[in-house]
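If you're matching them up, the sequences are chains S and H in order. Under my numbering, read the first sequence as residues 97 to 404, first letter to last. Under my numbering, read the second sequence as residues 97 to 404, first letter to last.
Some hints here could point you the wrong way.
Copies of the same chain look alike in the list, so a pair counts if it works inside one copy or between any two.
Calculated cross-link-like contacts (lysine to aspartate or glutamate; reagent style DMTMM-like; alpha-carbon spacing at most 25 Å) [claimed, not checked]: (1) Lys-401 / Glu-384; (2) Lys-382 / Glu-399; (3) Lys-119 / Glu-379; (4) Lys-382 / Glu-402.
No lab work stands behind these hints: they were computed from the structure.
Protein chains: 2
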Amino acid sequence: MRLVTVGSVAFDAIESPFGKTDKIVGGAGTFITLASSFFVKEQGIISVVGDDFPASTLENMKAKGIDIQGIQIKAGEKTFFWSGRYHNDMNSRDTLVTELNVLEHFNPIVPQAFQGADYLMLGNLSPQVQRMVIERMKKRPKLIAMDTMNFWMDIALEELKKTMALVDVLIINDEEARQLSGVYSLVKAAKVIRAMGPQIVIIKKGEHGALLFHEENMFFAPALPLEDVFDPTGAGDTFAGGFMGYIAATDDFSFENMKRAIIAGSALASFCVEKFGTQRLLELTKKELNARVKQFVTLGNFEMKEVQ
Amino acid sequence: MRLVTVGSVAFDAIESPFGKTDKIVGGAGTFITLASSFFVKEQGIISVVGDDFPASTLENMKAKGIDIQGIQIKAGEKTFFWSGRYHNDMNSRDTLVTELNVLEHFNPIVPQAFQGADYLMLGNLSPQVQRMVIERMKKRPKLIAMDTMNFWMDIALEELKKTMALVDVLIINDEEARQLSGVYSLVKAAKVIRAMGPQIVIIKKGEHGALLFHEENMFFAPALPLEDVFDPTGAGDTFAGGFMGYIAATDDFSFENMKRAIIAGSALASFCVEKFGTQRLLELTKKELNARVKQFVTLGNFEMKEVQ
Numbered sequence: 097m098r099l100v101t102v103g104s105v106a107f108d109a110i111e112s113p114f115g116k117t118d119k120i121v122g123g124a125g126t127f128i129t130l131a132s133s134f135f136v137k138e139q140g141i142i143s144v145v146g147d148d149f150p151a152s153t154l155e156n157m158k159a160k161g162i163d164i165q166g167i168q169i170k171a172g173e174k175t176f177f178w179s180g181r182y183h184n185d186m187n188s189r190d191t192l193v194t195e196l197n198v199l200e201h202f203n204p205i206v207p208q209a210f211q212g213a214d215y216l217m218l219g220n221l222s223p224q225v226q227r228m229v230i231e232r233m234k235k236r237p238k239l240i241a242m243d244t245m246n247f248w249m250d251i252a253l254e255e256l257k258k259t260m261a262l263v264d265v266l267i268i269n270d271e272e273a274r275q276l277s278g279v280y281s282l283v284k285a286a287k288v289i290r291a292m293g294p295q296i297v298i299i300k301k302g303e304h305g306a307l308l309f310h311e312e313n314m315f316f317a318p319a320l321p322l323e324d325v326f327d328p329t330g331a332g333d334t335f336a337g338g339f340m341g342y343i344a345a346t347d348d349f350s351f352e353n354m355k356r357a358i359i360a361g362s363a364l365a366s367f368c369v370e371k372f373g374t375q376r377l378l379e380l381t382k383k384e385l386n387a388r389v390k391q392f393v394t395l396g397n398f399e400m401k402e403v404q
Numbered sequence: 097m098r099l100v101t102v103g104s105v106a107f108d109a110i111e112s113p114f115g116k117t118d119k120i121v122g123g124a125g126t127f128i129t130l131a132s133s134f135f136v137k138e139q140g141i142i143s144v145v146g147d148d149f150p151a152s153t154l155e156n157m158k159a160k161g162i163d164i165q166g167i168q169i170k171a172g173e174k175t176f177f178w179s180g181r182y183h184n185d186m187n188s189r190d191t192l193v194t195e196l197n198v199l200e201h202f203n204p205i206v207p208q209a210f211q212g213a214d215y216l217m218l219g220n221l222s223p224q225v226q227r228m229v230i231e232r233m234k235k236r237p238k239l240i241a242m243d244t245m246n247f248w249m250d251i252a253l254e255e256l257k258k259t260m261a262l263v264d265v266l267i268i269n270d271e272e273a274r275q276l277s278g279v280y281s282l283v284k285a286a287k288v289i290r291a292m293g294p295q296i297v298i299i300k301k302g303e304h305g306a307l308l309f310h311e312e313n314m315f316f317a318p319a320l321p322l323e324d325v326f327d328p329t330g331a332g333d334t335f336a337g338g339f340m341g342y343i344a345a346t347d348d349f350s351f352e353n354m355k356r357a358i359i360a361g362s363a364l365a366s367f368c369v370e371k372f373g374t375q376r377l378l379e380l381t382k383k384e385l386n387a388r389v390k391q392f393v394t395l396g397n398f399e400m401k402e403v404q
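Only chain S is shown next, with the shape it has when bound in the complex (with noise of 0.2 Å):
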């Protein structure tokens, strides 16, 4: 087993200028391993669900290569909900429903097969539920990445910083990064940030890409400049999975590698809000992500020559 992602599975409903959805299958964990199943062959999920969720999708995710022995199927009780409405700008959103249901009490549980993975991702939950599964992991991963959101530095910032001290990789947007720190400026919040535990922190800008904080060195990946964002709702995750996939894959969390990851997790995020939901995901090729990711390497490329 080369990763394990550990994060919901979920149903949303999303109401956005461009249209109104029914419940659709989301959640972190969902977004998350089927961004990474483009570069990852052995991986697996850690999840729950209620016995409303369709067995198709859990069908769909196994054809992708994702061993979900790990999702746990609860008789009797209802999966996740969230429903949430874009701004006309896309860039804001509201949450108008938040149904916990299975979530609430969640005891993720890692199957045998799952121990001895090499790279762990831990999807946004609560930290508490991604502490336990670090500490259910037999043998420490190499790398361990981790998400999170301002939800949990409200309600949860011991507990939050707790987990955070066990981990590698922080994964997080700018305001995040300046409620957990503190301070405005990102470069002064990462170094804030790794002094409590990540000695990696990436920050996700959204349309304005994304920066990696690599012990002493800085990266930037802009954001493909889109014509029109359908549903931003998953594009975080997909980053973030994208990420884990291209590094578990490659075997390789050296800076120069983390760049290229990062990379891809951006063409795989550009992808997802194309259309509601995982439908863009779900019919992605290869072919496709590899003509995105070269359209980032021509985007941001040039080659100085100093004036005398």
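Given the coordinates of chain S, work out where chain H should sit on it, guided by the hints.
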């Protein structure tokens, strides 16, 4: 004469979370020509000041190789004055005072020595004044670039469109591009703006970098993530000045060279914000500038490898 710039030479008073200045020297024309002086040797400025403007500043400009014979000094009149206060995030500001003074009836005069210049930079001014300068150049420059602001979109849109139709390069920020085009996506906005005249559109995104739309090509230049932004005043003008100075010095406005020019402008702008007003630009050395350009090269540099 390689490059002619028209733009304000003015007084600013700035309040930021880091402090407060008395009247200090500012103005788009000042920042543009100081920035371009790092690249281009033969340049001139067209502007107007009152007799309250310090002769020593004009001498400093001359010492940087800037031909100031196009600066009219109006006896008994006062120099343009702007005062503003930056908010805590340094991304937004309130204008406290605008005294047009000599700018109110500015009648730009193109000195004989400036005729035949290859490159023309129209700093932010009323679009009528910008157009007068184009009309008063006996030979059309090879490349005309124009900066403008939302202010002119609000009060003089038709005049602005007339001037835009005459220029090759439009340099504006993201919010202005959205206002001018009426669309949110910057990719679409650039298309709409290109249909108004300028075939090259540069969209400044402040701390998020800049986008270049050059015919069908797109380039993204990051901004250098900084620990502290002290005073953003003039950063956009410095960017434009560095850009046009680099283009004029190399006499090359191909897409490849425009990318370099944008990096040069971005590097200069990253210095501009380090101190109040023009202070950092005045003390900046070519060696420091070259070292920062190298940081830009490193910041976004990666070599992609496909994963099978």
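Hints and how they fare:
| no. | hint | verdict |
| --- | --- | --- |
| 1 | Lys-401 / Glu-384 | between (33 Å within a copy, 15 Å between copies) |
| 2 | Lys-382 / Glu-399 | between (29 Å within a copy, 19 Å between copies) |
| 3 | Lys-119 / Glu-379 | within (19 Å within a copy, 60 Å between copies) |
| 4 | Lys-382 / Glu-402 | between (39 Å within a copy, 10 Å between copies) |
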